Amino acid sequence: MSPLKIVTRDATTGPVLEVVGDLDFAHAPALRERISTLVVPPGRRLVLDLGGLEFCDSSGITALIAAHSHAQAARAEVVLASVPANTLRILQMVGLDQVFTVQPDSDAATRT
Amino acid sequence: MMCSAGERPDPYDAEDGGVPPAAFASLLEDSVEELYENAPCGYLSTLMDGTVAKINATLLTWLGLRREDVVGRMRFSDLLSVGGKLYHETHFAPLLRMQGEISGIALEMRQAGGGRISVLVSSVVKRGTTGEPLLIRTTVFDASDRRAYEEELLRGRRVADEARRQAEADRARLQQALAVLQQSLLPDTLPPIPGVEAATHYHTASSDQVGGDFYDVFPVDGKRFGFFLGDVCGKGPEAAAVTSLTRYTLRAAAVHDPDPVAALTTLNKVLHQRYTGSGDPRFCTAVFGTLEPDAATGRVGVHLGSGGHPPALVVRADGTVDPLHTPGGLLVGVLPTARFVTTTAVLAPGDTLVLHTDGLTEARTGSDRTSLFGEDALRDFLAAHAGRSPGDLIGALITLLDGFGDGLDDDTALLALGVPADRTTPDAR
Numbered sequence: 001m002s003p004l005k006i007v008t009r010d011a012t013t014g015p016v017l018e019v020v021g022d023l024d025f026a027h028a029p030a031l032r033e034r035i036s037t038l039v040v041p042p043g044r045r046l047v048l049d050l051g052g053l054e055f056c057d058s059s060g061i062t063a064l065i066a067a068h069s070h071a072q073a074a075r076a077e078v079v080l081a082s083v084p085a086n087t088l089r090i091l092q093m094v095g096l097d098q099v100f101t102v103q104p105d106s107d108a109a110t111r112t
Numbered sequence: 113m114m115c116s117a118g119e120r121p122d123p124y125d126a127e128d129g130g131v132p133p134a135a136f137a138s139l140l141e142d143s144v145e146e147l148y149e150n151a152p153c154g155y156l157s158t159l160m161d162g163t164v165a166k167i168n169a170t171l172l173t174w175l176g177l178r179r180e181d182v183v184g185r186m187r188f189s190d191l192l193s194v195g196g197k198l199y200h201e202t203h204f205a206p207l208l209r210m211q212g213e214i215s216g217i218a219l220e221m222r223q224a225g226g227g228r229i230s231v232l233v234s235s236v237v238k239r240g241t242t243g244e245p246l247l248i249r250t251t252v253f254d255a256s257d258r259r260a261y262e263e264e265l266l267r268g269r270r271v272a273d274e275a276r277r278q279a280e281a282d283r284a285r286l287q288q289a290l291a292v293l294q295q296s297l298l299p300d301t302l303p304p305i306p307g308v309e310a311a312t313h314y315h316t317a318s319s320d321q322v323g324g325d326f327y328d329v330f331p332v333d334g335k336r337f338g339f340f341l342g343d344v345c346g347k348g349p350e351a352a353a354v355t356s357l358t359r360y361t362l363r364a365a366a367v368h369d370p371d372p373v374a375a376l377t378t379l380n381k382v383l384h385q386r387y388t389g390s391g392d393p394r395f396c397t398a399v400f401g402t403l404e405p406d407a408a409t410g411r412v413g414v415h416l417g418s419g420g421h422p423p424a425l426v427v428r429a430d431g432t433v434d435p436l437h438t439p440g441g442l443l444v445g446v447l448p449t450a451r452f453v454t455t456t457a458v459l460a461p462g463d464t465l466v467l468h469t470d471g472l473t474e475a476r477t478g479s480d481r482t483s484l485f486g487e488d489a490l491r492d493f494l495a496a497h498a499g500r501s502p503g504d505l506i507g508a509l510i511t512l513l514d515g516f517g518d519g520l521d522d523d524t525a526l527l528a529l530g531v532p533a534d535r536t537t538p539d540a541r
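Protein sequences, first through last, are from chains A and B. In terms of our numbering, the first sequence is residues 1 to 112. In terms of our numbering, the second sequence is residues 113 to 541.
Treat the hints as calculated values from the structure; they're not laboratory data. Possibly wrong hints are sitting among the right ones.
[Stated by the list, open to error] Example chain A residues on the side facing chain B (calculated, C-beta under 8 Å, incomplete):
1. 13
2. 15
3. 16
4. 58
5. 69
6. 93
[To be verified] Calculated lysine to any residue pairs in the SDA-like style (CA-CA distance at most 25 Å, straight line):
7. B:166 / B:145
8. B:381 / A:74
9. B:381 / A:2
10. B:238 / A:72
11. B:347 / A:26
12. B:347 / B:368
13. B:347 / A:74
14. B:166 / B:236
15. B:347 / A:43
16. B:381 / A:69
17. B:381 / A:59
18. B:335 / A:2
19. A:5 / B:392
20. B:381 / A:72
21. B:347 / A:69
22. A:5 / B:482
23. B:347 / A:90
24. B:381 / A:70
25. B:347 / A:22
Fair warning: this is a prediction, and the values are worked out from it, not measured in the lab. Note that beta-carbon positions come from the ideal geometry of N, C-alpha and C, so glycine has one too.
Starting from the given sequences, assemble the full structure and let the hints guide the process.
In structure tokens, the structure reads:
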């Protein structure tokens, strides 16, 4: 298991979080914590760039859902970018591909 | 040894002439008699029959006795505790007679005040010029500190042993409580369904954790039976509470409307209301369905819906395996309103519907435990066991689970509902 690294940057559309490593039981809470303190202005977009994601289990999915709830509470939207194929398959299985907007990469995700 | 008879006290180290001549002189004047009386250990000499002939002041002080009450009046063994006396008679004295000396024996002496003092005793027989025994010289060391230390070690060990026993008992009680709780989340028995054989299995990954998988089979009305199987996200008591809420919500929902979408929608609403805003979102995946046996044809209609759960698999008698896809069925409890998708199938004789949780497909395989068993391997496995009764199929899956060893680290629920191939002799399992 590789540790989780979260890099935050600001795009014109709003915050972009690059998630690198494992979103598992041990590490997913760190992402949830980071997101809970993140300020997303209303109408802006929270982008989660999952290009560096190596593993994602149900705890990781929970963290993504927490991000969705957080953004929704702030009347903002969430976009997932560069979702690895196996994670996309899980999202499709649990129906979350309809809940999240999924973009091929963060360039597309931050386009206004 | 701290002291021995006749040894003079060590003079100060006179290096550099640091000791004043007066102090050195007073050391030299220190008489052997003075040393005998006030040495930091007890001395006594007894006749061969044990009668005390001489005893030093140190030992008298330890015992709280006066010289005149002891000398010529008491034997050495009279100074010992009952246990000490017994040991003296049976071991100490015989060995001393045989060897002529004995050293470092732990004994207990009596004090005048009724107390006991732990001592280490050494004795030597003094012989005359012709070798005849004359008297016994004995030194007595105060061993109470050492004894206290040993007793403290023993006490510490007893406490540790007791704590370990208590911890083991607590753990056993906890495991029993968890097992009972786990059982309460699963049905005791499955109802008989005409023309259908049902078999289940629940694999608990850890006896210290209540798992979050669940299933149930129950009658709905005169002709239909309901079933569900699912997986609550997470583990432990919180997950068990969600599992309990989920199971009874689905059972109650089915009473009002056994339609899969209606039941899953009710569950979604209940979970979302209960856990949204709690800071601890809880959700589950579930398959909910109904079976409708047709006595005329021997076939069984299946109508099921899924919320985020891996597809149920129909294992046909001919060896094909049909996954019952419900694309877009959302994880239950995530959003205030959720879309659920249903599908239908018909089970002919020899066909079995298999539902599982992802503990099975996410079991880690391979020598390095890095690959997952996976959906494809499960389909191949089921295809190879096509035509078997649900009981046999579950039996084969249990063997498969056992084979995963420590690669299986999640709870796994299995439910198989099948139409016996030979309707004349339905397996009554």
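Hints versus structure:
no.	hint	result
1	13	23 Å, violated
2	15	21 Å, violated
3	16	23 Å, violated
4	58	5 Å, holds
5	69	7 Å, holds
6	93	7 Å, holds
7	B:166 / B:145	12 Å, holds
8	B:381 / A:74	22 Å, holds
9	B:381 / A:2	37 Å, violated
10	B:238 / A:72	100 Å, violated
11	B:347 / A:26	13 Å, holds
12	B:347 / B:368	30 Å, violated
13	B:347 / A:74	30 Å, violated
14	B:166 / B:236	14 Å, holds
15	B:347 / A:43	36 Å, violated
16	B:381 / A:69	16 Å, holds
17	B:381 / A:59	21 Å, holds
18	B:335 / A:2	53 Å, violated
19	A:5 / B:392	23 Å, holds
20	B:381 / A:72	18 Å, holds
21	B:347 / A:69	22 Å, holds
22	A:5 / B:482	22 Å, holds
23	B:347 / A:90	20 Å, holds
24	B:381 / A:70	19 Å, holds
25	B:347 / A:22	19 Å, holds
The structure fails hints 1, 2, 3, 9, 10, 12, 13, 15, 18 (numbered hints given earlier, in ascending order).
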